[in-house]
Amino acid sequence: MTAQVTVVGNLTADPELKITKTGSSVLKVGVATNRRWKNKQDEWEEVVSFFDVNAWGELAENSAASLSKGARVLISGRLEQQTWEKEGQKQSKVVLVADDIGVSLRKAQVAGINKTGQQAQQQKVASQGKQTSWGDESF
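According to this note's numbering, the sequence shown is numbered sequentially starting from 1.
Possibly wrong hints are sitting among the right ones.
As the list claims (entries may be wrong) - Taking lysine to any residue and the SDA-like style, the derived pairs with C-alpha atoms no more than 20 Å apart in a straight line are:
| id | residue 1 | residue 2 |
| --- | --- | --- |
| 1 | K69 | N34 |
| 2 | K69 | L105 |
| 3 | K28 | F50 |
| 4 | K93 | F50 |
| 5 | K107 | K28 |
| 6 | K107 | V7 |
Hints were generated in silico from the structure; no laboratory data involved.
Taking the hints into account, I'd like the entire structure generated from these sequences.
In structure tokens form, the structure reads like this:
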């Protein structure tokens, strides 16, 4: 059983899509996450963490076509430790292997793109001044 990890952050660069020797699509991109809090002196502090992300197949292709540097995303997947040798020294890093990537709509709106590359129709619902509460089943 693999533990799921979800990261919310901004892409640090445009996604890089490559095709492996066996014909598989792989996406590589970086994500930065920010955590802010007030310390005991009532001053803001911030820590930024950076993650390398890989995605495969159709997810890789769709993400490369849809995302660009700075996009706020939610990435769900698993952590994988990768190891290799460089100049006789063992190297390793932990990578987030994405199962799903989505655009965060918390601070932005996006237009949908369908498989043919056409912009999907958007419908705007105009507010008619009616307020509904959670107890009102008419909404």
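Point to revise | Structure-inconsistent hints, enumerated in ascending order | key: The structure breaks only hint 5.
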